[in-house]
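The chain contents come next:
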Amino acid sequence: MTSPILVGKNARRLTAPSVIPGFGLTFGYTLIYLGLIVLFPLATLIWWSSGLGLSGLYAIASEPRVAAALRVTFFISFAAAVVDLFFGLIVAWVLTRYDFAGRRLLDAFVDLPFALPTAVAGISLAALYSPSGWFGAPLAGYDIKIAFTRLGILVALIFIGLPFVVRTVQPIISELEVELEEASATLGAGRLQTVLRVMLPPLAPALLTGLALAFARSIGEYGSVIFIAGNIAYVSEIAPLLIVVKLEQYDVAGATGIATIMLAISFAALLLINLVHAWSRRKFGRV
Amino acid sequence: MRFPEAFADTKTIKRGASIRIEGVEQDFGAFPALRDVSLDIQSGELVALLGPSGSGKTTLLRVIAGLNSPDRGRVLFDGENATGLPVQDRHVGMVFQNYALFKHMTVADNIAYGLKVRPRRTRPSRSAIRTRVAELLQFVQLDGLGARYPAQLSGGQRQRVALARALAIEPRVLLLDEPFGALDARVRKDLRRWLRDIHKQTGLTTVFVTHDQDEAMELADRVVVLNEGRIEQIGTPEELYDRPASPFVISFVGEAVALPVAIADGQVRFGGRELHIDTHGLRSGPARVFFRPADIAVAAEGNGDLEGRVESLRRTPAGVRATIAIDGYDQTLEIDSPLERSASLGGRVPLSLAKARIFPADENGGYVNAGDGI
Amino acid sequence: MSEIAITSAYERRAKYRPVTEDSPLARYALIATAVLFLAVFLLAPLAIVFVEAFSKGIEPFLAAFDDPDALAAIRLTLLVAALAVPANLVFGLAASWSVAKFSFPGKSVLVTLIDLPFSVSPVVVGLVYVLVFGGQGLFGPWLAAHGVQIIFAVPGIVLATIFVTFPFVARELIPLMQEQGKVEEEAALTLGASGFKTFLTVTLPNIKWGLLYGVLLCNARAMGEFGAVSVISGHIRGLTNTIPLQVEILYNEYNNVAAFALAVLLAGLALVTLGLKTFLEWRHADALSGSVRRH
Chain A
1 MTSPILVGKN ARRLTAPSVI PGFGLTFGYT LIYLGLIVLF PLATLIWWSS
51 GLGLSGLYAI ASEPRVAAAL RVTFFISFAA AVVDLFFGLI VAWVLTRYDF
101 AGRRLLDAFV DLPFALPTAV AGISLAALYS PSGWFGAPLA GYDIKIAFTR
151 LGILVALIFI GLPFVVRTVQ PIISELEVEL EEASATLGAG RLQTVLRVML
201 PPLAPALLTG LALAFARSIG EYGSVIFIAG NIAYVSEIAP LLIVVKLEQY
251 DVAGATGIAT IMLAISFAAL LLINLVHAWS RRKFGRV
Chain B
1001 MRFPEAFADT KTIKRGASIR IEGVEQDFGA FPALRDVSLD IQSGELVALL
1051 GPSGSGKTTL LRVIAGLNSP DRGRVLFDGE NATGLPVQDR HVGMVFQNYA
1101 LFKHMTVADN IAYGLKVRPR RTRPSRSAIR TRVAELLQFV QLDGLGARYP
1151 AQLSGGQRQR VALARALAIE PRVLLLDEPF GALDARVRKD LRRWLRDIHK
1201 QTGLTTVFVT HDQDEAMELA DRVVVLNEGR IEQIGTPEEL YDRPASPFVI
1251 SFVGEAVALP VAIADGQVRF GGRELHIDTH GLRSGPARVF FRPADIAVAA
1301 EGNGDLEGRV ESLRRTPAGV RATIAIDGYD QTLEIDSPLE RSASLGGRVP
1351 LSLAKARIFP ADENGGYVNA GDGI
Chain C
2001 MSEIAITSAY ERRAKYRPVT EDSPLARYAL IATAVLFLAV FLLAPLAIVF
2051 VEAFSKGIEP FLAAFDDPDA LAAIRLTLLV AALAVPANLV FGLAASWSVA
2101 KFSFPGKSVL VTLIDLPFSV SPVVVGLVYV LVFGGQGLFG PWLAAHGVQI
2151 IFAVPGIVLA TIFVTFPFVA RELIPLMQEQ GKVEEEAALT LGASGFKTFL
2201 TVTLPNIKWG LLYGVLLCNA RAMGEFGAVS VISGHIRGLT NTIPLQVEIL
2251 YNEYNNVAAF ALAVLLAGLA LVTLGLKTFL EWRHADALSG SVRRH
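Protein chains in written order, with the working numbering: chain A, 1 to 287; chain B, 1001 to 1374; chain C, 2001 to 2295.
No lab work stands behind these hints: they were computed from the structure. In this text, all values refer to a predicted model and were calculated from it rather than measured experimentally. Be careful, since some hints might not be right.
Unchecked claim - Under the rule of at most 16 angstroms between Cα atoms (straight-line distance), these lysine to aspartate or glutamate pairs were calculated in the EDC-like manner:
#1 C/K2197 / B/D1109
#2 B/K1103 / C/D2022
#3 B/K1355 / B/E1218
#4 B/K1189 / B/D1143
#5 B/K1200 / B/D1221
#6 C/K2197 / B/D1221
#7 B/K1355 / B/D1295
#8 B/K1103 / C/E2179
Please model the complete structure; the sequences and the hints are all you need to start from.
Dropping the structure here:
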């Protein structure tokens, strides 16, 4: 073990005795790298916003344009997460429980929103839903406009959030015990009753986690939204875009204020996830 | 089955180092894993560390290996202090509980590993390593399996690869952690005999950890019984069986029945009866008598230490096995007796103790060591 | 005659649906819903990229790559990934080694902090670095005085990309190495291997597929990152534009074919990543961490 490193000395006492070398070096590097790249810059944000104070934050948040953007971001993110919850459950169920031609391929494509750069998703969604696009043109016949409206934001956020729900729920569905279904059937439950009363309740924590993850991601999403949203102030302008706008106007304080509020919402969602985990572990023994 | 020539040469192998452990203590957080453990292992000895899970036996083995560094105390190999010696320089052959074979290497590469990682000046040539691996494969009866991967082997085969890998570095001592734990009963029996043979041929000081008393008794020259981080007793299998030093040892090694008794006026009383057991000068007070099921028998009428009622009778090849409820005691015990002395179901029988040990209760209600009974 | 009766009775019984299966009607309805949903929301956006890129034929598509700005964007994207991915690779190895092979208080806090960048909006990441290095930022005046440019320059883009892709390798390796324990390393040490040799010959081969998996996802995100880089780059053509930023510029100039042509590069990268990822999950599932994957 390399002892000259500062943490190396403390590490001896910090860790349980081990012959495996390298704790001081790797732990020290981890802390320094994490501190420099992530924690210090984030602390700078907190420091800036603490300069604003709560009243300053409130003043920024109640600016009509900021308030509108936060509302749009919050509510549409939530709506998109709920849509993802519903269809994500169906997709996860179908991919896990049924076998059909093309299932593997479809399963692989669920991760597309993770892999496809957001700017690409943004311009292709805009192209699809523009009045002359594949989906936009037929919908225009019914007087439904998606691109450059709030619905466009919804579509983009549904795209972004879907894998979070599917990938969180899928493993839990595959772990459902067949015996439970059979027991339910022997007790006289019909198939629908079995699904609703026996199989879905254990999925609740995973569904809630997926919902929160999709929501948290949607709050901060930028690239896939701005191309399709139209970005009309007070109507279809999202909070992350407003940060960019404020920065371009050299309003660093305003940008910092919005960023702080967004961070708070994301962390609240993450906290919710942890609470859900803790709750379900207490109640069901595991997640 | 012969040990490869290269190892039989006393110039290349230091035959079994002696191991001395002095006052070793190890804490894991608030939980003391080893408490003041001292132990001498002679060169070439085969020693078992026996105890229930959590008794500290694996921790002690890892301290000898250099995988754990003790908080206090010393470990000496051949009289030299090895406490601070890094594990790489200890030259211990360690066989891990689930073998810890390198999954991504072939059997041959696994065995050769310890030779290949040596610094260049002490590393044998490629051809020498190949020869050594071939010898070892033959030695552990796995000729021709060198190109396989661990996943393609049976449990018993993996165990032998692990042993060959440990032997390849010409260890001074051989350490095995639950060497047969993961194997099924039949393979275990074969491998036990095989380990004995290997020990005989290599003459290596060998220490193995087990929770199975049969295994310890059958294989080891001496057995170290551990409980809650302390050594309860060190002795040959005979000594452990015939002269257990503590209630823990008598209960853990072999079957034992315990009777709560009282000592008064140099007499041992159970219920209203007097047991014919020497008190060894123990003070008056509560105590406990331990005896093996084999040491109690149906006595001649009026001669018994105890009396009981026959609850059930079962025929065995040699005679009859009776389940007897002892008067004044809430447990039953089983007694084998020859046919001619069999009792009738529901009848009362006198019982006599051939051999027993008595331990007084100490102030805490526990039991401390005492001398032999009878 | 009776034989026939028995056979048909068996046949009829064989057709009974197991109680654990949904009715065919429900099954088809659910499959149709899922397939339709995925087709509309996932496959169509992917398909339109290629359709738009080739809408005017192959020539205009190829012409898009003749542009020096496009080539500069490709070069910069490769450079950024070549710096950010190895940096996070080394960090991932260090973090997983210290977390998985040792026990120390506060470990779960550390693991949570490593995951933190995933819950920070890319735009906020960009802003945060502006606050540190920008003109009004913490080190801004000092940097300006010494003529060091971080914001609106390549270093800033690299830093923001590192932040955004920070957890990918570590979060794949930590559970994997925790599952594997440390017994093989201990075995190697008893056989005389040094710590570094143990890492190279025992640990690394055991984690190589998980490592590749993490690097793959890290790289895809590094090359495709938009929000954070957008805030910090200053959009200087031919200098600080990565491929995604160049796509945005071309799209805003109504140069659809060129925008989608560059987007084809990124979509291709996404497809290759998905393909390799699926291959690893299928072929080397046991060599990856069993934890739920959500990236």
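Status of each hint after checking the structure:
About 15 angstroms separates the Cα atoms of C/K2197 and B/D1109, which keeps this hinted pair within 16 angstroms; it holds. Straight-line distance between C-alpha atoms of B/K1103 and C/D2022 comes to about 42 angstroms, which puts the hinted pair past the 16 angstroms bound. Simply put, B/K1355 and B/E1218 have alpha-carbon atoms about 23 angstroms apart, too far for the 16 angstroms limit, and the pair is violated. For the hint linking B/K1189 to B/D1143, the alpha-carbon distance of about 22 angstroms lies beyond 16 angstroms, and the restraint is violated.
Annotation: proposed proximity of B/K1200 to B/D1221 holds, straight-line Cα distance about 12 angstroms (limit 16 angstroms). With a C-alpha separation of about 38 angstroms, the suggested pairing of C/K2197 with B/D1221 is violated against the 16 angstroms cut-off. Between the alpha carbons of B/K1355 and B/D1295 the distance comes to roughly 6 angstroms, so the proposed pair stays at or under 16 angstroms and holds. Restraint check for B/K1103 and C/E2179: the C-alpha separation of about 14 angstroms stays at or below 16 angstroms, so the hint holds.
Violated hints for the displayed structure, listed by number in ascending order: 2, 3, 4, 6.
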